[in-house]
Every structure is written in structure tokens, then in C-alpha cells.
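Trainee: Since the structure of chain S is already known, use the hints to place chain C on it.
2 protein chains.
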Amino acid sequence: MKLEKYKPENLRRSQKGINVHPIQRGGILTPEAKRILSEWADGYSACDLCFEGRIDLIQKPPVADLKDDIAEFLGMDDVRFTAGARHGKFVVMSAFEGTVVLDSLAHYTSYIAAELSGLRVYEVPNSGYPEFRVEAEGYAQVFENVKKETGSYPSLALLTHVDYRYGNLSDAREIGRICRDFGVPFILNTAYTSGIMEVDGKSLNADFIIGSGHKSWAATAPIGILAINFDYSSEVLKTSEQRGNWSGRAFTKKEPALFGCSPVYGLPVITLMASFPGVVERVKRWEDEVKKARWFVREMEKIEGVRALGERPRNHTLVQFESPSFHLIAMNHRRKGYFLYSELKKRGIFGIHPGMTKNFKLNTYGLSWEEVETVAGAFKEIAEKYGVGVED
Amino acid sequence: MKLEKYKPENLRRSQKGINVHPIQRGGILTPEAKRILSEWADGYSACDLCFEGRIDLIQKPPVADLKDDIAEFLGMDDVRFTAGARHGKFVVMSAFEGTVVLDSLAHYTSYIAAELSGLRVYEVPNSGYPEFRVEAEGYAQVFENVKKETGSYPSLALLTHVDYRYGNLSDAREIGRICRDFGVPFILNTAYTSGIMEVDGKSLNADFIIGSGHKSWAATAPIGILAINFDYSSEVLKTSEQRGNWSGRAFTKKEPALFGCSPVYGLPVITLMASFPGVVERVKRWEDEVKKARWFVREMEKIEGVRALGERPRNHTLVQFESPSFHLIAMNHRRKGYFLYSELKKRGIFGIHPGMTKNFKLNTYGLSWEEVETVAGAFKEIAEKYGVGVED
Chain S
556 MKLEKYKPEN LRRSQKGINV HPIQRGGILT PEAKRILSEW ADGYSACDLC FEGRIDLIQK
616 PPVADLKDDI AEFLGMDDVR FTAGARHGKF VVMSAFEGTV VLDSLAHYTS YIAAELSGLR
676 VYEVPNSGYP EFRVEAEGYA QVFENVKKET GSYPSLALLT HVDYRYGNLS DAREIGRICR
736 DFGVPFILNT AYTSGIMEVD GKSLNADFII GSGHKSWAAT APIGILAINF DYSSEVLKTS
796 EQRGNWSGRA FTKKEPALFG CSPVYGLPVI TLMASFPGVV ERVKRWEDEV KKARWFVREM
856 EKIEGVRALG ERPRNHTLVQ FESPSFHLIA MNHRRKGYFL YSELKKRGIF GIHPGMTKNF
916 KLNTYGLSWE EVETVAGAFK EIAEKYGVGV ED
Chain C
556 MKLEKYKPEN LRRSQKGINV HPIQRGGILT PEAKRILSEW ADGYSACDLC FEGRIDLIQK
616 PPVADLKDDI AEFLGMDDVR FTAGARHGKF VVMSAFEGTV VLDSLAHYTS YIAAELSGLR
676 VYEVPNSGYP EFRVEAEGYA QVFENVKKET GSYPSLALLT HVDYRYGNLS DAREIGRICR
736 DFGVPFILNT AYTSGIMEVD GKSLNADFII GSGHKSWAAT APIGILAINF DYSSEVLKTS
796 EQRGNWSGRA FTKKEPALFG CSPVYGLPVI TLMASFPGVV ERVKRWEDEV KKARWFVREM
856 EKIEGVRALG ERPRNHTLVQ FESPSFHLIA MNHRRKGYFL YSELKKRGIF GIHPGMTKNF
916 KLNTYGLSWE EVETVAGAFK EIAEKYGVGV ED
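If you read the protein sequences in the order shown, they are chains S and C. Take 556 as the starting number for the first sequence in our numbering and just add one per residue. Take 556 as the starting number for the second sequence in our numbering and just add one per residue.
Here chain S stands alone, though its shape is the one from the complex:
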């Protein structure tokens, strides 16, 4: 075994500068979370004063309060913390049988949670290139299809509030209304919305809200948020019925789908907590974020051949561009598709998938105006360097 490579000096995070990686922007710690980082970093630190054998019931640090406050913040009845949004979706889906309807832009972990839970998946189509919209009526149509093919309406429906591919914001409220009409419990996956923009489960007619602490609530990984309404909590958060056949041991407080007690007992829950006041504030500034993203798209589209995909106007800071002009450069470049990554890196920008030029995604969330200008300027400069036209 060569252990040299694991030494701290060899574990520097090589990407320094402005990180526009689509999944990283909302997970950058707040200054408050950074301040408590080293104090709570050891293993299971949050369990020092656990009396009830469940992390969500701990009073000190105030995890139980945080649970209630996040429920209120999301307009939901109750909350659990999970090992990421993916685990939260599994917790819900594992309580159901039959079929689940997903939007066709759903994150792969939604499909995987269904697979792990033995649910059959039906997709709601999207409108395809270039906008890839998921329309609310599509849910009603697919519900009818499911009924026709399986004999009953689906057991569950899931909408990806903002999808990770095009950053489209779908009409959760209307889809929630349709779900209520059909009596189908509705999961809203807010991995790219709650924590950066206002999300209110009541007005969006959600039965379950899934959030991602490390994607959008400025927490260390992994921590997911599962918010749930009381109608479903006894079903989904049912406690253990296991009993040892020799010892008689039982674990009646433990929630099996959360592995008994959710594995977030150290930094994940503590950084989520320390960042929470900042998160409550930052969601109010979402309009400014959209304004910056729209400005950025306009600037990028001044580059010949570069065009944002997804709905217009943009309602989110995650944007996918198609860029045949950059792809043409790549085809003739010694470094092929990596040229774009390298050119950006030279300019202090990273997070574009290395090797991608035909399409690429980035996220401007939380960048200052100056940084957004720097990023747009860098792309333009690179275009011009390789003879691609840029409008004034």
C-alpha cells in the first residue's frame, strides 16, 4: 500500500477560484457553519447528550427544535433528517407498493429509490428540445394510463421541483392539485429549490418535501430533509416491530427506514443547524439570484452558437447551454474537449464537467455580480481567442 497520496499536503482541493459546478453552489457553508466546523468534526459528536436514542429528539444541541423550525419553514407538519435526499425518497417510497409516477427530468436517485422499493415507474413526458418542459396536465394523463394498464391509480407521484438537467421550475402547485384530485400522495423533490428559494408545502399541495442539505442548505454532506404531513407520518415513519426471539429485545422508538436513527449525527446536522438562520434569510433574496442568472444567460448568448436550453425566461440559476461553436473548437484542439475546462481553469473558474463542450451546465447561485461578470467575461474571452464571434 502506498499511503503517501493520502497525506494532507497531497490532499489539497485542486480546484480553486470560482466554483460554478451545478451541484456545489448551494452547499457552500455559511460563515456561521464554518465557525463551528472543527468543534463538532469528530465522528458522532452530536450524540454526546442523546437520551432517547434518536438524533431528531436530541435537545442539546437543539436538533429537536431544528426539526420543528424546518417543518414550519417548509409549511409542513413534521421533519426527519436523512442521509441525503436520495435516502429521503427511499424512506417515503419504501412505505408504498405498486407504481410511482415521476417527471421524465427526475434525478436518477428518484428512479433508484423506486427500484430499491420495488415500485414500477411511469414517466410524465417533457416537451423535448429546446425547452424540455414538464406540463402539469401530463400528470393527469399518466395517472389515467396507469389506471388503464394496472387497474388502479398510482400509489405515489413525484415532481422534481427544479430539475438538475435544465434547471426548469415546474408548476408544483398545479401538479399538487391534480394529485389531490386523484388522491395520489405527492412528493416534491426540492433538492435545487428549498434552502435557496422559498418553498411552502401548504401552498404547493405537497404531502412530502425532500430537500438536500449539502446541495441547497449550506451543510456538509450528507444530509437530506424529509418533510411530511401528519396524514402520512404513521405510515412512512412507522417504528420498529422487531423483537429478539431469545432476548426479547425490542426497539420501539427506532424508525427502520431511517436505519433506526438517521446517520447524520455529527457535522451534517450541526452545519445544517448553524447555517439555518442564514438560509431563512437568503431565500428572500432569490429574485436577485434569478436576475443575475438571466443577465448571465443574455451575456453568454452573445457568443456565437451558445444558447441556453430549458424554459424561457430562466427561473433558476442552474443553466445548461448548448455550444456547437465550442464543440467545433474541441474537435480541432490538441486537448479535445478538455480545452474549455483548461481555459476556464486558467481564468480561475472551475466546475464545468471536464471534457464537455457540446453542452455544459453551470450554476451562478450565490455568485456576486462581479463574479458572474468574471465568468461571462472568461467564456467570451475564450470564444474570441479561438475565433468565435461575440456580439458587443
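Hints are computed from structural coordinates only; laboratory data are not their basis. Ideal placement from N, C-alpha and C gives every residue a C-beta, glycine not left out. Some hints here could point you the wrong way.
Non-contacting residues of chain C with respect to chain S, defined by C-beta distances greater than 12 Å in every case (computed) [what the hints assert, rightly or not]: (1) Asp632; (2) Asp633; (3) Arg675; (4) Ser707; (5) Gly738; (6) Gly815; (7) Arg853; (8) Glu859; (9) Leu883; (10) Met886; (11) Glu936; (12) Gly944.
Beta-carbon label-pair distances, calculated as ranges [claimed, not checked]: (13) Arg862(C) <-> Ser569(S): 51 to 57 Å; (14) Trp801(C) <-> Leu883(S): 53 to 59 Å; (15) Ser897(C) <-> Gly608(S): 20 to 26 Å; (16) Pro680(C) <-> Asp632(S): 39 to 45 Å; (17) Gly944(S) <-> Trp801(C): 34 to 40 Å; (18) Gly942(C) <-> Leu604(S): 25 to 31 Å; (19) Glu842(C) <-> Arg889(S): 53 to 59 Å.
Mentor: For chain C alone, kept in the frame of chain S given last:
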């Protein structure tokens, strides 16, 4: 919402001094892990350069190498990282049907993983008070019982290498041999052994080894280690067969039981990595740790009525004591059982479950000789303060 309580100045970790909490000692970060903490703290930091959509395949930072090196370190064929040991046990158990045999000292998460996987549990008895030993032959007997009652031998067996209640070290090698004889796949839960003492899957006849990064490998929570032999990897680590009915989307690299890609993408895997060279070294010093623990037990038993439970001599640093003399004090004390916690806290020692005096558990792992002396001295001082006899 009152957000004041989440401010960093109100989130100080109140327990300062020597932490003897049974679950905390092996999770204290190494100096190396502390050095890279802030650099990798943001959300999903390890995913900056992910090309294959799976954390365990990332080359930079060297997660893929770490996986191979940990497999070698544990004498196993392959490794995955999981959201804690509890998740690792679920990953294995969810691939099986029927029954699982557990030792009756198993951690509750072993029972819960079985429940979540729909497996029926049979327990191997222990010898009861005061040693609570789990004997290897018990496995063979229970296997026969299972055969008698269900018509076939169990699908799986699990041994808790060292249990969290008494810190007993069971005879994994012999139990593994019995499992091989019966053709029953053998899970060795090393949450309290691998990472602090040498564990070699080959010589212990393990088919699966479960480890806990935050309990015993000096990592931030949550990260579990699932080490597996090739005989079972295609079954347990099978990849997704899901396919979108409209889009045709498929996720053929993703492993469903790991939620597609295991949610450990930031600090958990990076701190595990940074601590790994130190862990490889520290397991060689295990004998010294046992020596300290045995010395500590001898000193504690000089206090009237205090006696270590579990096997003798002690083979682990986690010890449960019975202490009727302290309990008698508690019954007459204004603060009841909390007196012991407070008296220890005054002396800079914490981690004893607040309120417990009849029995209490602690862990001396990684304490210096001086610290172990301080802890023993504090207990003696408290005993004398309340008129309990202490031998010279």
C-alpha cells in the same frame, strides 16, 4: 421561529475535557484529517472531478485507490462506502431473503437492517450475567433450529465482533468457520474493531466486513465501510436495471442499495482518507490500548461495589461497569443519578450517560496513560467524597 439558539456562539460543544463516551473515542479525527477539514467542508466537495457518476470511482481525490487500499487492509476483495455501518448492513441484507442469525448482543441497527430487508431474525444466546459471552457453538445450534423451524438453513449470519454493551470480543474466526461449514454467508460487524485493531477478513473467514468510519476510523459522520468478497459482489452490489418507460433513461452503473451513488461525497470520505495512514499505524498499537483498559478496570474495581461486566480478562477498551455503590448514593442525592455525571464534569470528564449510576459504560481508547489515570482518579475521588470505600 426563534433563530437565536442556532447562532455559532450558542452552538458551543458544551462537553469539554476528556470524552469517554463509548461511541466517541475511535471517531476523534487525526491531526491529518483536521488539517484538510475546512478545505473540503462544502457540501458535495469530493464530486468536483467525478467522471463516472459514482463516488467510489473518483480518481482525484484518490477515492478509488482508498477503496482498494482498505480492501487490502481488511483482507477482503472489494469495498464500498456507505452512510454508516447501519447502511452497510442494510446493503448486504437487502440482497437476501429468509432468515438471518444474529448474536444476541448485536447492535440494534443489525436488527433494524433485517427488519427493513424483510428478514426473520434468530438470535444466538449469550451466557448472561456477568460475562454475557457469545459462544461459537451457539451459531451451529441456532442454524439447526432455523433448519428445523423453517425448512432450511439461514440465508445469512452476523456476528458483532465486539459488542457495544459489554465490549466482548467474540471468536469471529471459529464462527466464520462454522458458517463456511454450513454454507451460510457470514457478516462480521466490526464497528468497534476495524480501524482500531487489526481485522483480517481472510483469517476470520468473513464474507462481508462492516466497519464504521465515524466510530472507529477517525472520520466525520456518517461513513460506513462495506468490505465484500467477490463471491457475493455481483449479488449484493448489483447495478440498476431500471429504465424510464417514456425516456428510455437507464442508470446501469448505479448501485440501488447504495442509493445509486453512496451519499458520502464530501467530508466523510475525505476525512476517512486523510486519517487512513494513521489508522494503518494505530491498529498496531492495540495491545497497549488493551493494557491501559485492563489497568483501568483494576483501578475501578478498587472502588467498593464497582465491577466490570463482560468477559475476563478484558480484550477491548469499551467497558461496562456495574456500580451498586454509586447507585445508592444517587438514591439519596438531590440530583439523583445526575450526581455522577456532574461530579465527573467538574473534574473535566464527560461521556458517561447522564443519570446512569447503576451501570455505566465508557471507553478508554486513545487516552494517554495520564488521562486514564485522571479518569480512574476522578471516580475514586467521587467515591470517597460520598463515603464509598476505595482500596489503596
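Trainee: Determine for every hint whether it applies to the structure shown.
Mentor: Hints, one by one, checked against the model:
no.	hint	result
1	Asp632	holds, 15 Å
2	Asp633	holds, 16 Å
3	Arg675	violated, 9 Å
4	Ser707	holds, 17 Å
5	Gly738	holds, 22 Å
6	Gly815	violated, 4 Å
7	Arg853	holds, 28 Å
8	Glu859	holds, 29 Å
9	Leu883	holds, 23 Å
10	Met886	holds, 20 Å
11	Glu936	holds, 23 Å
12	Gly944	holds, 31 Å
13	Arg862(C) <-> Ser569(S): 51 to 57 Å	holds, 55 Å
14	Trp801(C) <-> Leu883(S): 53 to 59 Å	violated, 32 Å
15	Ser897(C) <-> Gly608(S): 20 to 26 Å	holds, 22 Å
16	Pro680(C) <-> Asp632(S): 39 to 45 Å	holds, 43 Å
17	Gly944(S) <-> Trp801(C): 34 to 40 Å	holds, 38 Å
18	Gly942(C) <-> Leu604(S): 25 to 31 Å	holds, 29 Å
19	Glu842(C) <-> Arg889(S): 53 to 59 Å	holds, 57 Å
Hints 3, 6 and 14, counting from the list given before, are not met by this structure.
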